[in-house]
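Chains as they are written, first to last, in this note's numbering: chain B, 33 to 219; chain C, 33 to 219; chain W, 33 to 219; chain P, 33 to 219.
The set of hints was computed from the structure by calculation and includes no laboratory data.
Check before you lean on any hint, since a few could be wrong.
Just so you know, same-sequence chains aren't split out, so a pair can sit in one copy or run between any two.
Pairs of lysine-lysine residues, derived as BS3-like cross-links and limited to a Cα-Cα distance of at most 25 Å, are as follows [what the hints assert, rightly or not]: (1) Lys128 with Lys117; (2) Lys218 with Lys163; (3) Lys130 with Lys92; (4) Lys35 with Lys163; (5) Lys130 with Lys100; (6) Lys130 with Lys117; (7) Lys56 with Lys163; (8) Lys128 with Lys218; (9) Lys128 with Lys139; (10) Lys54 with Lys163.
It should be emphasised that the depicted structure is a prediction, and the values quoted were computed from it without experimental measurement.
4 protein chains.
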Amino acid sequence: MEKVDIDWIPEVSAEIRNKAKKIKVILMDVDGVLTRGDIVYDSNGLEIKHFNAHDGQGIKLARVAGMKVGIISSRESGTIRVRAKELGFHYLYLGKDKKLPAFENLKSETGLHSENFCFIGDDLPDIPVMKEVGLGIAVGNATELTQQNADYITRKGGGEGAVREVVEIILDAQNLLEDAIQNIWKT
Amino acid sequence: MEKVDIDWIPEVSAEIRNKAKKIKVILMDVDGVLTRGDIVYDSNGLEIKHFNAHDGQGIKLARVAGMKVGIISSRESGTIRVRAKELGFHYLYLGKDKKLPAFENLKSETGLHSENFCFIGDDLPDIPVMKEVGLGIAVGNATELTQQNADYITRKGGGEGAVREVVEIILDAQNLLEDAIQNIWKT
Amino acid sequence: MEKVDIDWIPEVSAEIRNKAKKIKVILMDVDGVLTRGDIVYDSNGLEIKHFNAHDGQGIKLARVAGMKVGIISSRESGTIRVRAKELGFHYLYLGKDKKLPAFENLKSETGLHSENFCFIGDDLPDIPVMKEVGLGIAVGNATELTQQNADYITRKGGGEGAVREVVEIILDAQNLLEDAIQNIWKT
Amino acid sequence: MEKVDIDWIPEVSAEIRNKAKKIKVILMDVDGVLTRGDIVYDSNGLEIKHFNAHDGQGIKLARVAGMKVGIISSRESGTIRVRAKELGFHYLYLGKDKKLPAFENLKSETGLHSENFCFIGDDLPDIPVMKEVGLGIAVGNATELTQQNADYITRKGGGEGAVREVVEIILDAQNLLEDAIQNIWKT
Numbered sequence: 033m034e035k036v037d038i039d040w041i042p043e044v045s046a047e048i049r050n051k052a053k054k055i056k057v058i059l060m061d062v063d064g065v066l067t068r069g070d071i072v073y074d075s076n077g078l079e080i081k082h083f084n085a086h087d088g089q090g091i092k093l094a095r096v097a098g099m100k101v102g103i104i105s106s107r108e109s110g111t112i113r114v115r116a117k118e119l120g121f122h123y124l125y126l127g128k129d130k131k132l133p134a135f136e137n138l139k140s141e142t143g144l145h146s147e148n149f150c151f152i153g154d155d156l157p158d159i160p161v162m163k164e165v166g167l168g169i170a171v172g173n174a175t176e177l178t179q180q181n182a183d184y185i186t187r188k189g190g191g192e193g194a195v196r197e198v199v200e201i202i203l204d205a206q207n208l209l210e211d212a213i214q215n216i217w218k219t
Numbered sequence: 033m034e035k036v037d038i039d040w041i042p043e044v045s046a047e048i049r050n051k052a053k054k055i056k057v058i059l060m061d062v063d064g065v066l067t068r069g070d071i072v073y074d075s076n077g078l079e080i081k082h083f084n085a086h087d088g089q090g091i092k093l094a095r096v097a098g099m100k101v102g103i104i105s106s107r108e109s110g111t112i113r114v115r116a117k118e119l120g121f122h123y124l125y126l127g128k129d130k131k132l133p134a135f136e137n138l139k140s141e142t143g144l145h146s147e148n149f150c151f152i153g154d155d156l157p158d159i160p161v162m163k164e165v166g167l168g169i170a171v172g173n174a175t176e177l178t179q180q181n182a183d184y185i186t187r188k189g190g191g192e193g194a195v196r197e198v199v200e201i202i203l204d205a206q207n208l209l210e211d212a213i214q215n216i217w218k219t
Numbered sequence: 033m034e035k036v037d038i039d040w041i042p043e044v045s046a047e048i049r050n051k052a053k054k055i056k057v058i059l060m061d062v063d064g065v066l067t068r069g070d071i072v073y074d075s076n077g078l079e080i081k082h083f084n085a086h087d088g089q090g091i092k093l094a095r096v097a098g099m100k101v102g103i104i105s106s107r108e109s110g111t112i113r114v115r116a117k118e119l120g121f122h123y124l125y126l127g128k129d130k131k132l133p134a135f136e137n138l139k140s141e142t143g144l145h146s147e148n149f150c151f152i153g154d155d156l157p158d159i160p161v162m163k164e165v166g167l168g169i170a171v172g173n174a175t176e177l178t179q180q181n182a183d184y185i186t187r188k189g190g191g192e193g194a195v196r197e198v199v200e201i202i203l204d205a206q207n208l209l210e211d212a213i214q215n216i217w218k219t
Numbered sequence: 033m034e035k036v037d038i039d040w041i042p043e044v045s046a047e048i049r050n051k052a053k054k055i056k057v058i059l060m061d062v063d064g065v066l067t068r069g070d071i072v073y074d075s076n077g078l079e080i081k082h083f084n085a086h087d088g089q090g091i092k093l094a095r096v097a098g099m100k101v102g103i104i105s106s107r108e109s110g111t112i113r114v115r116a117k118e119l120g121f122h123y124l125y126l127g128k129d130k131k132l133p134a135f136e137n138l139k140s141e142t143g144l145h146s147e148n149f150c151f152i153g154d155d156l157p158d159i160p161v162m163k164e165v166g167l168g169i170a171v172g173n174a175t176e177l178t179q180q181n182a183d184y185i186t187r188k189g190g191g192e193g194a195v196r197e198v199v200e201i202i203l204d205a206q207n208l209l210e211d212a213i214q215n216i217w218k219t
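Pulled out of the complex, with its shape left as it was, chain B reads as follows (with noise of 0.2 Å):
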């Protein structure tokens, strides 16, 4: 196919766009980010999550760039491990009620600076590490603490594209995206 025309990436600053140039694993919380932050129980207990198509996109766009992905929860879930298992998620911390921990045992196990992380967040528990990594990013629904503790705020919400738009700007500024996109046309 013909040449992708990617206009639709949000501009970022000089700024952001170096931070992004540097990142190699792509973080985030679920709840609120990969999610809209419903938190769905029936009465027996059992708990739905509600993902997004167009985040699952990113994440595969992502990994076909050679991406790393994870995600760091407090919560442990089932539905999340179905859903990490799908989009081909590399690392998988749940549980975490401190993230920051968990943050600098991922960093030391891969051999990564702090430049080399991107965290995506929506809410208090993540503020320490997004403030930790080389890209914080907060959702655009994210809670307003959340919002000014970030190095860019997302014009999606989260579970509606948010996930998405980090990857394609990321992507976007290592010059992978019309690769990937193509990769993904033709695989």
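We have chain B; now place chains C, W and P onto it with these hints.
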């Protein structure tokens, strides 16, 4: 009942109307087209899908008017099979990571030409088929690249009446809509 | 408690108010009226429905005021039966592809006249009954043809308080609303 | 971490701030307050509820700050019990058709005065308690009469952060918010 006043059909260009006149099969993706794009799991991995009643009535209108309707989805899903059976979809291609081969297969099976097909999509994997068919349509909340590659972008979003809107435009272009509506009331 | 200030009731024309004064039975469709129109399945074919708490309170107000309430739906559904029982609906016609015969049946069963019935709908199959009853109402997000055939279009959407709005308009026209509210608080 | 900049807290009148200073117990309804008001059933009658992650973090903040939190709901529901246990609610009154007796019971049990209680509601059955407590709050999408009877109407809707907003206003009025946030990060 009296004559139906069809003034709500979106005004489309003469070009779109001409393309719509040739359509005999309306094909569509599922997630983000027949649904809002939510991918929903419970903690046992059971999948849940939210379809839309107005779209369902649209599929019924299309069938009453003699159109064929079909699904090409990269996902295999029991919920799609339940809904597709209920609505009487004629063609069902599930678990098709690449949609173009499924479309080529359907074309040769039906003996119809590309110009006789419409495809409604919302994301990257839909674009190759959208560009191949006579009438390629993106739902209102499709990703930007998908919208760029569409002949027409619906006013309604996926899972919120986008498919119904497409059916009404096509039936109206072929002067089949009023009879189909009267038929729903009569039979 | 002090007198209830009923200034939130939508101002309706004298004609609608006169029609509302004669209503003794409030009938309604389910999908798109008592719900947002989502048709939800899990992968085992189990159906899920999202009703609305404000509408539920509206049905309660109607019953406290002596109104009868009923459902005419083309779908047969266990979830409707659960919710209808909980709310105390007096009439329940499910699986009725054609709604007019169900309405005629109810009319002869109750011995009431068409002008004593209100019907709330959102799509094509509702229009024949909406045009037959004394007060035909389309929810705010009904399809356009349904809106064209309504005496009144609610400000709220289906599943988001449309039924409550109709109940309040009818009870207010009959000067029954304040007593019904005081009754909810007292009994 | 550095000092928290609390500029997102809605500006409230001196009167509301004074009422907020005396609150020791935050009480709330469930449907329409901790949820968007959806009453969800599957075809087996199983009930499903959609809570909100930001509200959950708000309840946690309130508890960390030493507030007591409680629920008075007219519904009896297993899903409420699951969520209430997870969030550590101190008081749980379910299946209470009349909420005032439950509130009077709690008042005498705790030995606190009406001015020490806040109640967050969205519809008719909540109004009597809202008018009795020191700080009566309606969520942003409460019914109009409920809003008319509230001391404060939240900017956010039920199930979309209304409870979190109330917690932040109360903790801020009592100068407890910053410590509570730091506490979430530290412990």
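These are the hints, each one checked on the structure:
1. Lys128 with Lys117: For Lys128 and Lys117, the Cα distance is within 25 Å both inside one copy (19 Å) and across copies (19 Å).
2. Lys218 with Lys163: This pair counts as between: shortest inter-copy Cα distance 15 Å, intra-copy 38 Å.
3. Lys130 with Lys92: between (28 Å within a copy, 14 Å between copies)
4. Lys35 with Lys163: between (37 Å within a copy, 14 Å between copies)
5. Lys130 with Lys100: both (22 Å within a copy, 24 Å between copies)
6. Lys130 with Lys117: The answer is both: 23 Å in one copy and 21 Å across copies each meet 25 Å.
7. Lys56 with Lys163: Intra 17 Å, inter 33 Å, cutoff 25 Å: intra-copy only.
8. Lys128 with Lys218: Cα proximity of Lys128 and Lys218: across copies only (14 Å, versus 39 Å in one copy).
9. Lys128 with Lys139: Classified as within; 16 Å inside a copy, 37 Å across copies.
10. Lys54 with Lys163: within (16 Å within a copy, 35 Å between copies)
Every hint from the earlier list agrees with this structure, and none is contradicted.
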